[in-house]
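Peer 1: So you can see what is in the structure, the chains are spelled out below.
2 protein chains.
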Amino acid sequence: MTHAKNDHLTIPIDALRDALRRNKHKRARRILRTMHPAKVASLLETLDADQRIAAWHQIDKRFEHKVLAHLSPALQAQLTHETEAGVQGEVPDGLSGEQGEAPDGLSSEQTAADDDSGDSPETQLKLVLEALENGKLKHIAQLFNKLHPARIAGLLESLPASERAAAWGMLDHERTGKVLRYLHEGVRRRLAEEMELDDLVDAARGLEPDDLVDLIQELPPKLGREILFTLNRRERERVESLLSYDEDSAGGLMNPDHIAVRADIKVGTLLRYLRLLEDLPPNTDKFFIVDRDNRYQGIVRARRVLTTRPETTITELMETDFEPVQAEQPSEEIARRFEDHDLISVPVVDGDGHLLGRITVDDVVDVIREQAERSIMGMAGLHEETDMFAPVWASSRRRAVWLGINLLTAFLAAGVIGLFEATLEQVVALAVLMPIVASMGGIAGSQTLTLVIRGLATGQLGSGNTRILLLKEIGIGLLNGLLWALVVAALAVLWFGNWTIGTIIAAAILLNLLCAALAGVMIPMIMRKLRIDPALAGSVVLTTVTDVVGFFAFLGLATLILL
Amino acid sequence: MTHAKNDHLTIPIDALRDALRRNKHKRARRILRTMHPAKVASLLETLDADQRIAAWHQIDKRFEHKVLAHLSPALQAQLTHETEAGVQGEVPDGLSGEQGEAPDGLSSEQTAADDDSGDSPETQLKLVLEALENGKLKHIAQLFNKLHPARIAGLLESLPASERAAAWGMLDHERTGKVLRYLHEGVRRRLAEEMELDDLVDAARGLEPDDLVDLIQELPPKLGREILFTLNRRERERVESLLSYDEDSAGGLMNPDHIAVRADIKVGTLLRYLRLLEDLPPNTDKFFIVDRDNRYQGIVRARRVLTTRPETTITELMETDFEPVQAEQPSEEIARRFEDHDLISVPVVDGDGHLLGRITVDDVVDVIREQAERSIMGMAGLHEETDMFAPVWASSRRRAVWLGINLLTAFLAAGVIGLFEATLEQVVALAVLMPIVASMGGIAGSQTLTLVIRGLATGQLGSGNTRILLLKEIGIGLLNGLLWALVVAALAVLWFGNWTIGTIIAAAILLNLLCAALAGVMIPMIMRKLRIDPALAGSVVLTTVTDVVGFFAFLGLATLILL
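Protein sequence lines correspond, in order, to chains A and B.
My numbering numbers the first residue of the first sequence as 1 and each following residue consecutively.
My numbering numbers the first residue of the second sequence as 1001 and each following residue consecutively.
It should be emphasised that the hints constitute simulated quantities derived from the structure, not laboratory data.
A couple of the hints might just be wrong.
List time: in silico PhoX-like cross-link candidates among lysine-lysine, alpha-carbon distance up to 25 angstroms [to be verified]:
hint	chain 1	residue 1	chain 2	residue 2
1	B	K1529	A	K126
2	B	K1126	B	K1061
3	B	K1222	B	K1126
4	B	K1136	B	K1066
5	A	K126	A	K136
6	A	K266	B	K1266
7	B	K1039	B	K1136
8	A	K66	A	K136
9	A	K529	B	K1126
With the hints as constraints, model all of the structure from the sequences given.
Peer 2: Structure, rendered in structure tokens:
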């Protein structure tokens, strides 16, 4: 061992070993970057084979040959082979990340071609997993360089925690911020928390203001403040003003980037001004018109500017009836307006009509997708489970809450059955059939519930037509109740040869389906009055009702008639 | 009665009476339009009070005063009052529909301001329902004139069938097509089927080709063919070529409207060409570059054109790495690309690279919303129930299928219980507790199932990481199984004072939660292999498994140990 002969070397070696052992690839790379290639070479020689390969994968591609020059031929051969094996053939050697990224720092759309020309997500995932398994982390870096940040985010989310950290470490410095933007909350927070503060600050500086605000909002307050402190005064003020809005409001969605002009200029002047800018912010389909106090006056569509002679004044093209959005407006309302009116961008104003910024369709698409995801995950009590590979312990704890709530309702149903122990003891067939009554009610009720929740969400169900819907649902409950009551009764008679039990189960099913219709309409209505999201808790309450009513009706009738 | 004195009058009166009685407002209006005001007046006098008011509400506003001139003062007063009462104060008298509609027949975005300045959806709905109840249909026409087609569609969907037909009849002729575009499938088809063919054809002619294709695809083939025949040859060929693509493919989403130019022209030439067009198709953020055979070459962004000097050639601005979409590509893939890359429009090409049209973000937003809606509704077996107020009979029939499928699984579970009748007869406490075991398994399983379905939908779950997820879910099942097994066991012991039952239920719950994790991962995987949508049928199969395993484990263990 040679590491004692030079004090200067000791610290990097220990720090590097520590970084490699703890999978802190980013730190390992930073340490390696600060060292002279000769030192890196001698350091590599002191490591055991596994660690050496791991360290090798953290060395910047541009320095590889310098380091190799200082190594023994045997090691040279081994490490060169390490770099070249594997991916070379599998990853198409088209655009590099740098080329693909918008060179002028604008739209991420520019890279649209990348992953369409490449492999399927499935193949990419397999590649990453293989690289992780064999410790060939360089292959991941190579793959990442060729992918769009959104795709990289998708790949990272497909990995379990430790593998994710390893792959994350291979991401190019300059692209970290962009990828963070595309990650789901839970994943983003966990990765950001594990990063060195310096790296996080670097990543944050690459983000657009609205994305930076999103990131800060999700980090622990201390970390968020530290990022804020690294910004210059103007940037900080800008971000702080955005931070003051609710995440789910227009203010939280808006981006300060936009082009605003005065109404008294000519189209030609506007075009000259635009040429000075060289490029426009993405999604610029309209320019905003403001007065001298920056108060919103109207819009001019870019396509109008393209199709009008330069002598025309902006006033002639201006549309003053295009309503701006208020900064406090909830994001769901805005999403619906974008959808209904096929919008690309809208201006955002404060209470006094001052132009604050704009909301663009790409962020609205994210809102729509998130809403949909939230309601689907929410129905299974998973609204906080955005990370498919969250640690077992964290997931278990979150899901336990939902199971616990459900247990209460299950015990309630069991309690109802318990009331009729004496009856069950005498007619055991009842115990066999009773889950059928409860289950049919639960299914019918959840159909009504789903319909009502959708109606409330789209605003199509209001106080004016609830009664009509209720009558319709009860009508359906009656028809289906009669149909399935007869079918179940017939089957029960065939099975147990007992007409009375058939009659009892028919009556219980009909009754339960009618109650299910009533509950399916009323539960979400009442929850909305109490300001509880019916999509989250509606189905638990509903099945409690249909279980209790189902068991009570069936066993109660049986007790009255059979005993 | 005077209606016999003039043969010429008899037919309109009968036809009108018939139309009013059958709520065919559109036909009533057409009949009234063809008549001289004096004839209309004498006709009104022959009708009884109710019918007279109903007929009055079908008279065009512009002819009201002419008709009034021929009426007795008493009737004049009555009918004038009828017109003025009610809405006047409630509906803000801002923009009329005509003003709000894009005068150049382009984007519907122009009317964005309308319903934002007006009442809330809830108030509008109440207004419509009141107007329907009091027979003051004119108020509905007044309200509709001030609303965006999307909002009108929303209101129509909030009405039960007969009221919907009445309100539909009050819609301005020229706007029918636009509103049809925004309606959900079921509602659209039913309203279109009820329309006179002439009106339907008129409405269809106002639609853009892609919307027209959507409409034709949803109508009965005969009706669709009749609409096609009314188009001229060029239009028909265009629509027919669009009809050849699958509704859920790029071809089905695309619109032929786009601007394509050759690469060898200068920016100044392009600008002059655009000025000739006067306006561009909505959502034109890029122009497509084609060769002389209309083969796709690349794109030029509109914002580049705006910021470049006129002498520049298109070649310098052209981006050749922007991948077009293939016409056969499924719409879900396209939606993901738009989302990931923040796109506004993409070109669509055929297999030989010929430019066919483009897909714009507004249609993609609809795809995303529909996908989300389909999966939420699908989970309750409601994937065909797009009309909240479909007739009771139609809804009952559709939902009965789902209830029937569920009944099969319920009988399967009952069958398992039936195996243990002898055991239940001896220990009735088992019957009380058994639903708890099944229910806990069902809830835990549906959590895993939801997570896996989402992972498959986003492409984050592939063959590479399924095993990892399975292990994680089994880990969670183990932890939560142990926790809730102990809790339930303790409660069972407290309730029945029997330690053996406590032990049995604990073991059954642990076992069922582990099976639930396994089933939650495997069921959607297998379904996908079999090309069944796991979002539709997954939960039925899953609860069958957890019910059967739950009952079998609990009652089976009890039989082994207690007897």
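Peer 1: Hint by hint, note whether the structure agrees.
Peer 2: Verification of the hints:
Distance check on the hinted pair: K1529 (chain B) and K126 (chain A) sit about 19 angstroms apart at the alpha-carbon level, within 25 angstroms; holds. Distance restraint check for K1126 (chain B) and K1061 (chain B): the Cα-Cα separation of roughly 23 angstroms lies within the 25 angstroms cut-off, and the hinted pair is therefore satisfied. For the given pair, K1222 (chain B) sits about 37 angstroms from K1126 (chain B) by alpha-carbon distance, which is inconsistent with the 25 angstroms threshold. With a CA separation close to 20 angstroms, the supplied pair K1136 (chain B) and K1066 (chain B) stays within the 25 angstroms bound.
Between K126 (chain A) and K136 (chain A) the CA atoms are separated by roughly 13 angstroms; this keeps the pair inside 25 angstroms, and the hint holds. Our distance criterion of 25 angstroms between C-alpha atoms is met by K266 (chain A) and K1266 (chain B), whose separation comes to about 23 angstroms. Among the hinted pairs, K1039 (chain B) with K1136 (chain B) is consistent with the structure: their alpha-carbon atoms are about 23 angstroms apart, no more than 25 angstroms. Between the alpha carbons of K66 (chain A) and K136 (chain A) the distance comes to roughly 20 angstroms, so the proposed pair stays at or under 25 angstroms and holds.
Taking the CA atoms of K529 (chain A) and K1126 (chain B), the gap is near 19 angstroms; set against the 25 angstroms cutoff, the hint holds.
Comparing the model with each earlier hint shows a violation of hint 3 alone; every other hint is respected.
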